[in-house]
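K.L.:
Residue strings, one per chain:
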Amino acid sequence: DAMVIQNPRYQVTQFGKPVTLSCSQTLNHNVMYWYQQKSSQAPKLLFHYYDKDFNNEADTPDNFQSRRPNTSFCFLDIRSPGLGDAAMYLCATSRDPLETQYFGPGTRLLVL
Amino acid sequence: DAKTTQPTSMDCAEGRAANLPCNHSTISGNEYVYWYRQIHSQGPQYIIHGLKNNETNEMASLIITEDRKSSTLILPHATLRDTAVYYCIVRPPSGDKLIFGTGTRLQVFP
Numbered sequence: 001d002a003m004v005i006q007n008p009r010y011q012v013t014q015f016g017k018p019v020t021l022s023c024s025q026t027l028n029h030n031v032m033y034w035y036q037q038k039s040s041q042a043p044k045l046l047f048h049y050y051d052k053d054f055n056n057e058a059d060t061p062d063n064f065q066s067r068r069p070n071t072s073f074c075f076l077d078i079r080s081p082g083l084g085d086a087a088m089y090l091c092a093t094s095r096d097p098l099e100t101q102y103f104g105p106g107t108r109l110l111v112l
Numbered sequence: 001d002a003k004t005t006q007p008t009s010m011d012c013a014e015g016r017a018a019n020l021p022c023n024h025s026t027i028s029g030n031e032y033v034y035w036y037r038q039i040h041s042q043g044p045q046y047i048i049h050g051l052k053n054n055e056t057n058e059m060a061s062l063i064i065t066e067d068r069k070s071s072t073l074i075l076p077h078a079t080l081r082d083t084a085v086y087y088c089i090v091r092p093p094s095g096d097k098l099i100f101g102t103g104t105r106l107q108v109f110p
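For the protein sequence lines, the chains are A and B, in the order given.
The letter at position 5 of the first sequence is residue 5 when you use the numbering used here, and the numbering goes up by one with no holes.
The letter at position 16 of the second sequence is residue 16 when you use the numbering used here, and the numbering goes up by one with no holes.
If you're looking for bench data, these hints aren't it; they were derived computationally from the structure.
Model, not experiment: these values are computed from the prediction.
Here are some chain B residues pointing at chain A (derived, C-beta under 10 Å):
| # | residue |
| --- | --- |
| 1 | Y34 |
| 2 | S41 |
| 3 | Q42 |
| 4 | Y46 |
| 5 | H49 |
| 6 | V85 |
| 7 | R91 |
| 8 | D96 |
| 9 | K97 |
| 10 | L98 |
| 11 | I99 |
| 12 | F100 |
| 13 | T102 |
| 14 | G103 |
Pairwise CB distance ranges, derived in the manner of DEER restraints:
| # | chain 1 | residue 1 | chain 2 | residue 2 | range |
| --- | --- | --- | --- | --- | --- |
| 15 | B | I74 | A | T20 | 39 to 45 Å |
| 16 | A | N56 | B | E14 | 43 to 49 Å |
| 17 | A | F54 | B | Q42 | 25 to 31 Å |
| 18 | A | Y10 | B | H49 | 29 to 35 Å |
| 19 | A | T26 | B | P21 | 32 to 38 Å |
| 20 | B | S41 | A | S72 | 20 to 26 Å |
Backbone N, C-alpha and C fix where the C-beta goes; we use that ideal spot for every residue, glycine too.
Isolated chain B (complex conformation) (with noise of 0.2 Å):
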């Protein structure tokens, strides 16, 4: 399975974009990249996927680059509540579990 590499941390001004990096350089072309985030003492909560396209729902858009190694999750418009760890897993077509890497901590301040 692909391996991601993302910040350990971030911060964002509440209101502000949060804009969240992951590299996947070794993603294959069938590989689809999805996106969880957990708050504190809570489940994974799913955002957001993608293959080739970018996505847009109610919670976040997804860019992926033409290339496809790496791509950015963007909160529109943070909130306190945004704060989180933020997963980016690469998945295969065949896959049937979720590989969690480390995160993103998100910290949104006031």
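Chain A extracted, bound-state conformation (with noise of 0.2 Å):
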């Protein structure tokens, strides 16, 4: 079946330790979406690739960076995560912009 895969489904990193977290998928989508999802709070839009064609929320820290290699793989990299950054971070795919979002299941991040 096609789908958005995230790998590992737990990740546990040290205060200050860059981490990456990767997501792939086999739907061909022109889309990934990165969001976090704080403990008892909703997802969050942190950044998007549409193609090769980044697009950064306003509000998302400087700390966050996104790389997208090919169609089928997109990156999340937390330069120094910060015990804030405690979090599922879920990983999101669509045709184009306009059209539904699927999502993998997630990454939790532990920072310690």
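Both chains are given apart, each in its own frame, so use the hints to dock them into the complex.
P.N.:
Structure, rendered in structure tokens:
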């Protein structure tokens, strides 16, 4: 089945140690999104790629970066994780920006 | 973007219909109503969306009032696996992001 894959499901990192989360998709969708969801809160968009064009949300901290080396993969890099960055990170895809978004299972990040 | 208002929580007996309301009184004529749900510790799952007409798929039905100021998601025969947070989202046609509200926590009990 075509899907959005996130690995690992759980990631532990140390305070200040760079960490990369990965997302891949078999849907061949043009758009890939990264959302952050903190405990007991709703998901919040960090940024997205439309093909190779990167679109950052205005309030996304500089600590968060993203790379999309090809259609199938997209990475979320957190340069210096703080305790407040502990959250579920959700990847989603859509065929184009105006169409339905489909989410992966998420990666839960723990910062020690 | 139009805001949505949903009850914080609801209960439903297994096998019965679950009717989840959503108010979106400031919706514009070209904004879609989307429903997603999120089962604990999983990613949001798309359920259904609509503009003006009622919609039905294998998961649920979406009833949108004539003035479009509110809608109801109907799960016709709720099961324990339908226990989740249900998000109603109003999305403009030019909107490239989903703005999630607080959602409704649906608890299906035996």
